[in-house]
Amino acid sequence: MSLEEPRDAKPEIGVTDDGLDYDALAALLGDTLLDREDHVTTEGFVVRPDDVQDALRTLKQEAGFDHCSCVTAQEYQDRYESIYHLKKYDDPTHELSVVVPTSRDDPVSQSANDVYRTADWHEREAYDLVGIEYEDHPDMRRILLPETWQGHPLGRDYDQTQPQVVTLREHANPLQEDHMADDTDTMFINVGPHHPATHGVLHLKTVLDGEQVADVEPDIGYLHRCEEQLCQQCTYRHQIMPYPDRWDYTANLINEWSYARAAETLADIDVPEYAQVLRTMSAELSRMAGHFLALGTFALDVYGEFTAIFQYAFRDREIAQDILEDLTGQRMMHNYFRLGGVVWDLPNPREEFFEKTRDFLDDLPAKLDEYHDMITSNEIFQVRCVNTGVLEPDVAKEYGATGPVARGSGIDYDLRRDDPYGYYPELDWDVVTEDGCDNYARVLVRMQEVEESAKIVEQCLDLLEDWPEDERTLQSNVPRTIKPEPDTEIYSAIENAKGELGIYIRSDGTDKPARFKIRSPSFSNLQALPEMSNGEYVADLIATLGSLDIILGEVDR
Amino acid sequence: MSNPWIAIGALALVGILIPLGMMSVSKLLRPRVPEQGKTSTYESGEIPTGDTRIRFNIQYYMVALLFVVFDIETVLIFPWTVIYRSALENGVSLMEILAPMLVFIGVLVVGLGWAWRNGAVKWVRSPRAASERRTKQ
Amino acid sequence: MIGILKGMATTMKHALDGETFTVEYPDTAPDVSPRFRGVHKFSQERCIWCRQCENVCPNDTIQIVTDEQRNGEQYNLHIGQCIYCRLCEEVCPVDAILLTQNFEFTADTKDELAYNKEQLKNVPWYKDIDPLESREPDRGAWIGEGEGEIDYQ
Amino acid sequence: MTGPLQATTLPETLSGLLGLNTNDPLQWFLAALIASALVGTLMLTNTALVIWAKRKITAAFTDRIAINRVGPFGLLIIVADAVRLLSKELIVPDEVDRPAYDLAPLVLASSALLGFAVIPMGNGIQIADPETGLAYVFAVASLASLGLVMAGYASNNKYSFLGSLRAVAQNLAYEIPLVLTGVSVVIFAGTLRLSEIVAAQSETLFTLGGLAIPSWYAFVNPFAFVLFMAANLAEVGRNPFDIPEAPNEIVAGYMTEYSSVYFVLLYLGEFIHVFLGAAIVTTLFLGGPAGPVLPGIVWFLIKIWAVFLFTQWTRSAVPRVRIDQLIEIGWKGMLVLSIANLVLTAVIVGVLV
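Chains as they are written, first to last, in the numbering used here: chain X, 1 to 557; chain V, 1001 to 1137; chain H, 2001 to 2153; chain W, 3001 to 3353.
Just so you know, these hints were derived from the structure itself, not from any lab. All C-beta atoms in this analysis are idealised placements derived from N, C-alpha and C, irrespective of residue type, glycine included. One thing to keep in mind: the hints can contain errors.
Which chain H residues stay away from chain X? Per the calculated CB distances, all over 10 angstroms, these [stated by the list, open to error]:
#1 2029
#2 2045
#3 2063
#4 2071
#5 2079
#6 2085
#7 2105
#8 2107
#9 2124
#10 2126
Derived DSBU-like pairs (lysine-lysine); straight-line CA-CA distance at most 30 angstroms [to be verified]:
#11 1027(V) <-> 1038(V)
#12 2013(H) <-> 356(X)
#13 2006(H) <-> 3054(W)
#14 3088(W) <-> 3056(W)
#15 2117(H) <-> 2127(H)
#16 1027(V) <-> 3054(W)
#17 205(X) <-> 1122(V)
#18 3056(W) <-> 2006(H)
#19 356(X) <-> 367(X)
#20 455(X) <-> 356(X)
#21 2013(H) <-> 3054(W)
Using the sequences plus the hints, can you model the full thing?
Written out as structure tokens, the structure reads:
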């Protein structure tokens, strides 16, 4: 920990009272800095491909950018570009993009893996989809697409019509040697994709030494649906909005906000306050639904398949979904937000809606007590969960963990408070953190977050009830076609049920984005799984996976 | 009095005949559609990676050895429990019947304590797997 | 031990109170909200063939065929491909397409799920809920309001 | 209190009825065979009910309705399921260890059934009453783990393999506490003959408001009863000790590769085993078939179903322990407690007598 001491000792460079002083940061980088770009919420520092590590290390150690939120790769007419979106866990409004252009002939760039462990998977994705290669990367393989895939689908010269011969038998088993080796007594085993515990189609390549996990490697991409490309072919105004619901498909509505926030900031659209309240309330209801499901499936992993908790959690989730159905017209794929507001006001009669929602909130404390009786106070559950799947805070930061996973490791990071949006700043609620760093702490965080969400919904209901009838503006005036200025770039994030859901958009002057990149929290959180479960028992591997609460729709996109 | 073990043998016969009967009924009912790939072992939908005839760390070797010792102990306790009460009722003193057994169990408890202290009665953590784990401060 | 007993007591309480939260689905039709979005209903009488729904549809579910005079000939909607975002209903200036509450539809092949305008017209209301009625109060926000620049694409 | 000390076993009664000579081994065998068929059918019917009851019970705990379509209360689902499962294709994976693979379901199902030979079920329904009844029933009950190991190891499947290793570890950890606790009952009864153990429990312990409380060993020695129930859960592999199966971790453990009738036998065998465990609990601690008003066999069925209900109850609310925790609970907790229980029982009996 000797590296961190000087950072604590002196004040961070480039921090002023009202934000970041980009000039000071530029001075810090000195000669490595080639150019400076203006992005909508931040600045982009252009560095040379072979200076990436130096630049990032300087920014991390001297200027305190300890959170590599996302790596976006894209191809221009004349160059490839990787963008490292940096943030600080202490203050996520301090953002900086490090832009690394590489030539089209030789798209090789230095890997940031040594500085930020989380860059590992992000760079693999960049290689997979766009085709940039990263030097010194420990494991430069495809991540979302199969190993045998031809071409890089987000590259400009990708031929969509070419045949992809990917037969089952051609899949190499990368760990073949591992289990064939005679001098060890380990066993290679596949957990997933068709396994009761993976909650979707995740594949864990696991090497077992007895009952213990000697090595585990998540293999993702089974649910890859080209969501980024899909969004690049849709218009800003209407067509993108239905898709965010399908990323994190357990707590759907909040995801729409990520796109809404990015596009509204990009196109400079205001949102009426009344719509903000509606957004806040519906997003929190959705978060509750997501957390109930996380709780239920985690119980399933620890208790076994006949546990009653799963059903009880589902019952409560159904109520939240009923309320959302009344409001938005759909139980999961809501498509409720619009740029500049929301599509519908509360359903008529409003009193009925208020009553229904309040009933739900009033019943909640009793139900949570029940959960505590059944889960957190159960001794066997405690024995199973305390001190298993440990994720130390500094490791969590290395992997860019966010959301309940980070907060369960004592990292006080919540974009709803730290990078405020919507109506959250006006409301009275707390960010929940637990210091346990283990599976138990993560469960506690989720259960308390349900309470906090209930508090928020309660306050929103009060506000909505008293809102004067003639000021109930649902949407601001938004042009039918939105065409942002060419080459404006934005990265903005919101806090969804799993953590920081960020959207990067680059416009090219048309009504469709030129590059649409999704930074999903589950993707980064899942990356920490090997760190958390190597050396643990198989049972704890499963429990840890459950407590990460990953949604494959969001991981694979 | 007739031999009870013959009766138990009869039940054993029934116990085997019933499953065999079910098997033959099933044999008559079930279809047989051989297909390539159907008969591969299940490994979460992936192509199976080798078989299970491998050397594998079973981690409870010491426990298994202890089990042998303790299992014999229980066998020795059986006859004692059977005669215990009737012996007492027939006037054998408590010291005479209880004390030897207490000594016997005492020795075993000491043995268990020793094994416990030496960590023999727990799941052996694999050193290899443990070394994969990043050392925590 | 107390925690385990508390958990067991809770499940026993639920077992004994006899309440269930599942419903017998095909026998009791589930309640859906008036805003629920199900299979589309299309009115040829109302449609002015402006093709806005076709343009707004995010995944090309709607296919419209017109002749040279822009008279409508075909209106096809692949219900198996639809993502029920309701954007078509939202942009329709004449309420010619409506999403009913009907969510029960089956077919033997995918092709049968491509509905033409006759089939779309005959989609039944679910429990006689007219979505137009339930959504009417909100439609004002969409039609004829706002000074935003109008672009008919 | 019904039924005095059982003088005759079922084959003897049958011999009397049919006029067979009990001293002729062949005729005696014939009588025993008929009796066995009766008892076997009774237990199988009882276990077949589980197919229905288990779902209904789980549904009750989880606030659901569950099966109610086929027949009254959905009871005909038993027939439907039986036919469905028996008529499934039997898929035998490549490179299984054939004799063991085929034998495992047989071993599991028949060994569990074999245990019922010595259980007194009331109304004279007991096939045999050997002097070493208790030792026999423990021996037969633990045979089931052999079946699990065979099934798991022969399947050539990694999940099954892990499951069978777990089954062995679990058996090692719980066999001794189970037997030691069971034996503490023998100290009271002074015999291993099960009918005598049952008879010993028919005395009145004390009278509470005119109600005679029988001296069931569950009342006499509640500590041993709790210990035995816990060890029994592990013995039959139910939550919180269902780790050999643990679907979330190792898919279905030893069962993974079994289909069709083999699966039925494993499934059935597992539940007969649960009922055998319940029958042992009933005989040792709950006074066997004794009970007021109703005939003994009904009381016996009520008691074993009560114990079965308990296993389902724990299933709905108690988390599964981890394998290393299981070993520790078994060796450091239950073994020590069961030895303490044995010594204490001996001392108390010694002082009282």
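For residue 2079(H), is the shortest CB-to-CB distance to chain X above 10 angstroms, so the non-interface label stands? holds (15 angstroms)
Would you assess whether residue 2063(H), listed as outside the interface, keeps its beta-carbon beyond 10 angstroms of every beta-carbon in chain X? Fine: 16 angstroms to the nearest Cβ keeps residue 2063(H) off the interface.
Take a quick look at residue 2107(H) and tell me if its Cβ sits farther than 10 angstroms from every Cβ on chain X, holds or violated. Given that every Cβ of chain X is farther than 10 angstroms from that of residue 2107(H), nearest at about 21 angstroms, it holds.
Compute the least Cβ-Cβ separation between residue 2124(H) and chain X, then decide whether it is above 10 angstroms. The claim holds: residue 2124(H) sits with its nearest Cβ about 19 angstroms from chain X, beyond 10 angstroms.
Mind checking the alpha carbons of residue 2006(H) and residue 3054(W) for me, to see if they're no more than 30 angstroms apart? Measuring from Cα to Cα gives roughly 22 angstroms; hence the hint holds.
Holds or violated: residue 3056(W) with residue 2006(H), Cα cutoff 30 angstroms? Holds, at about 22 angstroms.
Given hint residue 367(X) paired with residue 356(X) - CA-CA distance at most 30 angstroms: holds (16 angstroms)
Need the status of pair residue 2013(H), residue 3054(W): alpha-carbon distance at most 30 angstroms? Holds, because 18 angstroms separates the two Cα atoms, which is no more than 30 angstroms.
Say whether it holds or is violated: residue 2029(H) keeps its Cβ farther than 10 angstroms from all Cβ of chain X. About 15 angstroms separates residue 2029(H) from the closest Cβ of chain X, which puts it past 10 angstroms; holds.
Please verify that the nearest CB of chain X lies beyond 10 angstroms from residue 2045(H)'s CB. With a cut-off of 10 angstroms, residue 2045(H) remains clear of chain X, as the shortest Cβ separation is near 25 angstroms.
Consistency of the no-contact label for residue 2126(H), given chain X and a CB cut of 10 angstroms: Residue 2126(H) clear of chain X: closest Cβ-Cβ about 13 angstroms, beyond 10 angstroms.
Do the alpha carbons of residue 2117(H) and residue 2127(H) lie within 30 angstroms of each other, as the hint requires? holds (22 angstroms)
The structure fails hint 6 only (numbered hints given earlier).
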